[in-house]
Amino acid sequence: SKLEQMESASVILDRNGKIFGQIYVENRETIPYDQLPRDLVNAVVAMEDTKFYQHSGYDLFGIVRAALKNFVAGHVRQGASTITQQLARNSFALKEKTYRRKLLEIFVAERIEQHFDKQKIMELYLNRIYFGGGLYGAEAAARGYFDKPAREMSLVECATLAGIIRSPNRLSPWSDRAAARESRNVVLGRMRDLSFVDRQRCAAAQSEDVLIGNRQNAQGQTYAVDYIRQKVIEAVGWNRAMNEGFRIYTTIDSDLQKAAEDSLRSHLDRAEKHPDYGHPTYAEYTATFRKTRPGSSPPAVPDYLQGAVIVLDNATGGMLALVGGRDFEHNQYDRALQARRPAGTAMTPFVFAAAFENGMFPGSVVEDSALDNRAVMIGGTTGILGEWGPESAENRYEGPITAREALSKSKNGATVRIGMNPGVDNVIQLCRNAGMKSPLRPYPATFL
114 SKLEQMESAS VILDRNGKIF GQIYVENRET IPYDQLPRDL VNAVVAMEDT KFYQHSGYDL
174 FGIVRAALKN FVAGHVRQGA STITQQLARN SFALKEKTYR RKLLEIFVAE RIEQHFDKQK
234 IMELYLNRIY FGGGLYGAEA AARGYFDKPA REMSLVECAT LAGIIRSPNR LSPWSDRAAA
294 RESRNVVLGR MRDLSFVDRQ RCAAAQSEDV LIGNRQNAQG QTYAVDYIRQ KVIEAVGWNR
354 AMNEGFRIYT TIDSDLQKAA EDSLRSHLDR AEKHPDYGHP TYAEYTATFR KTRPGSSPPA
414 VPDYLQGAVI VLDNATGGML ALVGGRDFEH NQYDRALQAR RPAGTAMTPF VFAAAFENGM
474 FPGSVVEDSA LDNRAVMIGG TTGILGEWGP ESAENRYEGP ITAREALSKS KNGATVRIGM
534 NPGVDNVIQL CRNAGMKSPL RPYPATFL
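The sequence shown runs 114 to 561 under my numbering.
A few of these clues could be false.
Claimed, not checked - Simulated pairs of lysine-lysine, PhoX-like, Cα-Cα distance not exceeding 25 Å:
1. 371 <-> 131
2. 344 <-> 131
3. 261 <-> 164
4. 233 <-> 164
Unchecked claim - Label pairs and their calculated CB-CB ranges:
5. 352 <-> 169: 52 to 62 Å
6. 536 <-> 129: 28 to 38 Å
7. 511 <-> 469: 53 to 63 Å
8. 283 <-> 420: 35 to 45 Å
9. 314 <-> 280: 24 to 34 Å
10. 416 <-> 351: 42 to 52 Å
11. 475 <-> 364: 32 to 42 Å
None of these hints come from the bench; they were simulated from the model.
Glycine included, C-beta positions come from ideal geometry on N, C-alpha and C.
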């Protein structure tokens with residue numbers, strides 16, 4: 114039925130079967146009623162619909178009370194919707210605040226009650242309802258806010274979720290921790306008044322602090338997840354990828370992925386703390402970013418220090434870790450895969466491989482001396498390699514040396530001569546055969 118048709122997130126698994134991300138339009142994971150904690154059901158009843166188990170879809174007394182208040186106000190101010198009516202409204206997109214919509218909502222709610230028992234209605238409701246922060250349904254909300262499945266939530270965590278429902282964007286703990294706590298305590302008070310909890314348990318819960326998870330970690334939006342999302346969409350299409358709840362098996366090692374992210378972040382943090390570092394920092398940008406109001410534009414593209422990491426399994430070619438930048442939330446440009454940079458020393462193995470295929474040996478002698486840039490074409494046609502080019506400032510030319518020495522000492526002049534042994538075309542062809550698709554200029558500068 115339409116009520117049971119809900120978009121489900123596709124789950125991304127690492128090479129060990131561990132969940133490390135999701136892709137979705139609505140971040141939701143549906144669960145059966147028996148995985149919903151009793152405290153959550155009671156908290157929602159206490160906050161949203163105290164007569165849930167008595168009415169047949171709508172609360173006539175509540176409707177009359179709301180109608181009187183709306184009449185006095187001169188507009189639709191109070192809804193008095195039962196849980197069943199909310200389920201109807203969210204399932205069939207009955208959103209406008211009009212009396213006509215209200216009547217239709219009541220009619221649909223009554224039909225729902227005729228076809229489903231209260232337990233099933235509560236299950237459908239708690240799987241569909243929005244809990245703020247991009248989290249739909251109790252399971253996604255529990256994992257997002259508390260990093261645990263719904264069935265393991267404590268009383269205070271259940272009350273926190275129930276307190277979010279009336280204004281999910283405003284009362285999300287990620288938006289306003291104090292407002293979320295206040296709403297939670299209102300829920301606990303109502304649960305006490307309805308004898309769902311005793312006074313002692315209520316008081317203990319109201320004084321308890323709840324550990325709220327990190328928003329970025331909860332949503333799992335990283336460069337690796339974004340890349341996988343793009344590939345899945347290419348394979349099955351956007352609608353299926355976002356809505357059909359696939360299980361996506363990958364070569365990513367989630368432990369190595371976290372280590373790569375942490376390592377990149379810590380090394381760049383250390384560099385920015387150096388006394389001689391006089392550029393914008395990650396901390397400065399983050400402070401400005403957090404002050405950005407929802408719906409407004411964040412600060413310009415981050416100009417703090419950046420980096421990228423990609424880890425491959427050489428035996429299989431599988432990607433083990435991918436970090437495209439310092440913070441995906443700040444900027445989604447993937448520096449590991451989208452940035453175009455000169456290959457530099459990474460070209461050296463291809464140059465030497467082509468030369469060895471052409472008959473050169475590691476012990477072959479090659480000249481290490483300055484080169485006229487007209488023969489190399491590093492950005493132009495003037496200058497001498499070493500004076501105007503990629504040689505290091507402390508470089509000393511050594512004259513005749515072996516190819517082995519040229520490689521171990523990163524001798525660029527000698528490397529160009531080694532590359533000229535097979536020729537530019539043969540080096541480029543070897544790169545193509547190895548799977549390199551980037552355009553390569555037909556000049557010796559490509560060797561460097």
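We went through each hint and held it up to the structure:
1. 371 <-> 131: 13 Å, holds
2. 344 <-> 131: 19 Å, holds
3. 261 <-> 164: Distance of about 30 Å is beyond 25 Å: violated.
4. 233 <-> 164: 16 Å, holds
5. 352 <-> 169: 52 to 62 Å: 36 Å, violated
6. 536 <-> 129: 28 to 38 Å: With Cβ atoms ~46 Å apart, the hint is violated.
7. 511 <-> 469: 53 to 63 Å: 21 Å, violated
8. 283 <-> 420: 35 to 45 Å: 37 Å, holds
9. 314 <-> 280: 24 to 34 Å: 26 Å, holds
10. 416 <-> 351: 42 to 52 Å: Violated - the Cβ-Cβ distance for residue 416 and residue 351, about 33 Å, lies outside 42 to 52 Å.
11. 475 <-> 364: 32 to 42 Å: Cβ of residue 475 to Cβ of residue 364: about 34 Å, so the range 32 to 42 Å holds.
Hints 3, 5, 6, 7, 10 from the earlier list are contradicted by this structure; the remaining hints agree with it.
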